[in-house]
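Peer 1: Listed below, chain by chain, are the residues.
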Amino acid sequence: MIIPALEYYLLLGAALFVIGLLGVLVRRNLLIVFMSIELILLGANVTFVGFAVALNNMLGQAFVIFSLTVAAAEAAVGLAIIVALARHRETLNVDEIDTLRG
Amino acid sequence: MINVAWLVPLLPFIAFAINGLFGRAYLKKTTGLVANAGVLGALVVTVLLFLAQGGHPEPETVTLWTWAASGDLTVNLDLRVDALTLVMLLVVTSVSFMVHVYSIGYMAHDPGFWRFFTYLPLFVFAMIMLVMANNLLVLFVFWEAVGLCSYLLIGFWFERRSASAAAVKAFLTNRIGDVGFLIGLILVWHVFGTLDYDEIFAQAPAVASAMPGMLTIICLTLFVGAMGKSAQFPLHVWLPDAMEGPTPVSALIHAATMVTAGVYMVARFNPLYVFSADAMIVVALVGAFTALFAATIGLAQNDIKRVLAYSTVSQLGLMFMALGVGAFTAAIFHLATHAFFKGLLFLGSGSVIHGTDEEQDMQRMGGLFGKMRVTGTTYIIGGLALSGIIPLAGFWSKDELLGATLLAGGAGYLLFAMGALASLLTAVYTFRMIFLTFFGSTRMEADRFSHVHESPAVMTIPLLILAVGALFAGFVGVPPEHGLIHDYLHDTFLAAEAAGLMHAPSTAFVVTLMAISTVIAVFGILIAFSIYLRKRPAPETIGGAAPFIHALLVNKYYLDDLYDLVVAGGTRSIGWLLAWFDLNVVDGLVNLVGVVVSLAGNGLRRFQTGRLENYAFSVALGTALVLAFYIFMVR
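Protein chains in written order, with our numbering: chain V, 154 to 255; chain A, 1333 to 1967.
FYI, nobody ran anything at the bench for these hints, they're computed from the structure. Positions of the beta carbon are idealized from the N, C-alpha and C atoms, including for glycine. Mixed in with the good hints, there may be bad ones.
[Claimed, not checked] Just the calculated beta-carbon pair ranges, DEER-fashion:
{"id": "1", "chain 1": "V", "residue 1": "Leu175", "chain 2": "A", "residue 2": "Arg1938", "range": "22 to 28 Å"}
{"id": "2", "chain 1": "A", "residue 1": "Ser1950", "chain 2": "V", "residue 2": "Ala226", "range": "40 to 46 Å"}
{"id": "3", "chain 1": "V", "residue 1": "Met211", "chain 2": "A", "residue 2": "Phe1939", "range": "19 to 25 Å"}
{"id": "4", "chain 1": "A", "residue 1": "Phe1961", "chain 2": "V", "residue 2": "Ala226", "range": "17 to 23 Å"}
{"id": "5", "chain 1": "A", "residue 1": "Phe1964", "chain 2": "V", "residue 2": "Glu227", "range": "49 to 55 Å"}
{"id": "6", "chain 1": "V", "residue 1": "Ala226", "chain 2": "A", "residue 2": "Arg1938", "range": "52 to 58 Å"}
[Claimed, not checked] Looking from chain A toward chain V, a few residues come up when the C-beta cut is under 7 Å (computed):
{"id": "7", "residue": "Arg1943"}
{"id": "8", "residue": "Leu1944"}
{"id": "9", "residue": "Glu1945"}
{"id": "10", "residue": "Ala1948"}
{"id": "11", "residue": "Phe1949"}
{"id": "12", "residue": "Ala1952"}
{"id": "13", "residue": "Ala1956"}
Working from the sequences, and respecting the hints, build out all of it.
Peer 2: Have a look at this one:
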């Protein structure tokens, strides 16, 4: 099995992270923003895996499983909030959701 | 008997407490009886005490309790009973009782009836404690307490702007004097190490020889307090204004008792004063000048009570003049007789005001004698006593203190001239007042004149009793220098005798002086008779003959205006300055803090957009900066 060099893992992870970050910063739809956050998490996960392989330490991969679990729970809670918000405000445009109160 | 001395102040205090607590809601008109009972009780106990102590009472003290003890300073609440205290107590309680009886009639229709009869016994209590004090600090406390009562009673009709202003004026003017008194008190403590009378007096000769300058300063600062309380020039301005109070208050507090506290205090401290010739001459000159000064103003006043007020200032000046030449007995004698005849005159003027439906301007009276015979007769008796007509009370005492100035020699001749001139003016303004008020044709409107009536018996009986006092009180000082009162007070003023201030006049001197006094008084009455009854010369032409002097007298030498300009105006200017400083500088600093915070907030609120991406960007940027810092800067 060919194991790619660490640099590729890091480049992929950084690319995912930056795409996710840009998505959070520039997109207006709350759903897209939410998905972008997931991308950031994935970027971090890829970096974890890369270092786990390079350092031959399974702790990194265990962290990834852990973080995926948390991400799943976060997705459930986050989506529930977005649905509630969509029903309440009839919009998902983050520019209009800026009052910081009900 | 000395063991019940505490009843004298306690009984008026109980009356005060009962009326103060229950007067408004429950007692209402009964407060008059409660107050009268309390003061009558004090009078009875005083008389019993006087009889029990005999003809030559030794000074005795009753210690009630230790008021304060701190370090070397122990202040006991002692009651002192000696000859001087007993004389003062007799005067205070008897005049107080007459005024209390009279007030039931005078204040009958006043809505503040219960309040009046709460303050009045409180005053009597404080005045009694003032004369019974055996300690300079206790004296000072009650000195202030009578001042407080004076303030409350001058401002009794506080809805009237002038009355509340007069009350404040009296209070503030007295404060000036009291600062002097307080300085004197502290110096006494500093020099003598005690505040008890007897211990001070015992050390007086030693202190006088060790530091005579300090003793003079102590005497003068204490005298400043007396000037405030007894309305001596230049602190006299509050007393004429104090006439805004109800007339019984003027009679009791501002004629008979409280204003004499200064005279009493100087007489009480005679063992100090006799060692300071400088202080004595100051006392005498201030007194003589005030006597003459106030008498001239009295000539030109038209308010019946103001004439009496200036007369009181003038007579108090004569008392200080006597104190200053060492004639302590004569001063206390005049104090006592003055309390009777001036109390009588004030109550009489109150009766006139009551009977004429609140008229105080003598130019709008006249011819009242036929309508008010009792008031008129007693008023004339009081006027004769004040003018010094033999054999009424005022004659003996005034004659004696004039004689004392002559016997003192030196500056005494100047004092005598001033005192004699003041006596002449006294007779003139007194009978000007009597002629304008009671005689001649009336200057009232016909329908108002027809409503003039004599006052009820509850008011006229005190007038009659005081008239008896004005007629006969002088006989306690007869023969001159050897009367009952001289014998009685002899031991109190031993220090004056030891200092060689007592002089034994020859019979020829006494008789000559009596003749001179009588001529002066009769001459003054004749002047008033000629001008104000026979109109030769007519009163109007006199003012026209010397318009400058007339304006000076009518305007009280413009002293009130001067004080208004300098003292009140100066204080107000400083107030304005400080108000400007406060509004602009102090408030400016406070507002500056607010403005800075507000501006900062305005700037910072731009970061709180509520937009998710802005926050996310900040987080990302911050993270990037921290990372950059660690990557590039930390090695």
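Peer 1: Each hint: holds or not?
Peer 2: Going down the list of hints, with the structure as the test:
Against the hinted window of 22 to 28 Å, the Cβ-Cβ separation of leucine 175 of chain V and arginine 1938 of chain A comes to about 24 Å, which satisfies the hint. The hint said 40 to 46 Å for the Cβ distance between serine 1950 of chain A and alanine 226 of chain V, and at roughly 26 Å that hint is violated. Against the hinted window of 19 to 25 Å, the Cβ-Cβ separation of methionine 211 of chain V and phenylalanine 1939 of chain A comes to about 44 Å, which falls outside the hint. A hinted range of 17 to 23 Å for the beta carbons of phenylalanine 1961 of chain A and alanine 226 of chain V is inconsistent with their spacing of about 33 Å.
Between phenylalanine 1964 of chain A and glutamate 227 of chain V the beta carbons are some 33 Å apart, a value that contradicts the proposed interval 49 to 55 Å. At about 36 Å, the beta-carbon gap between alanine 226 of chain V and arginine 1938 of chain A misses the expected band of 52 to 58 Å. The interface hint given for arginine 1943 of chain A holds, since its Cβ lies 5 Å from the closest Cβ of chain V, which is under the 7 Å cut-off. For leucine 1944 of chain A, the shortest C-beta to C-beta distance to chain V is roughly 5 Å, which falls under 7 Å, so the interface hint holds.
Checking glutamate 1945 of chain A against chain V: minimum C-beta separation of about 5 Å stays under 7 Å; hint holds. Residue-level restraint check for alanine 1948 of chain A holds (minimum Cβ-Cβ distance to chain V is 5 Å; threshold 7 Å). Annotation: phenylalanine 1949 of chain A was flagged as interfacial toward chain V, and the flag holds, the nearest CB pair being 5 Å apart, inside 7 Å. Given hint, alanine 1952 of chain A at the interface with chain V, holds; its Cβ is 6 Å from that chain's nearest Cβ, closer than 7 Å.
The interface hint given for alanine 1956 of chain A is broken, as the beta carbon of that residue sits about 10 Å from the closest beta carbon of chain V, more than 7 Å.
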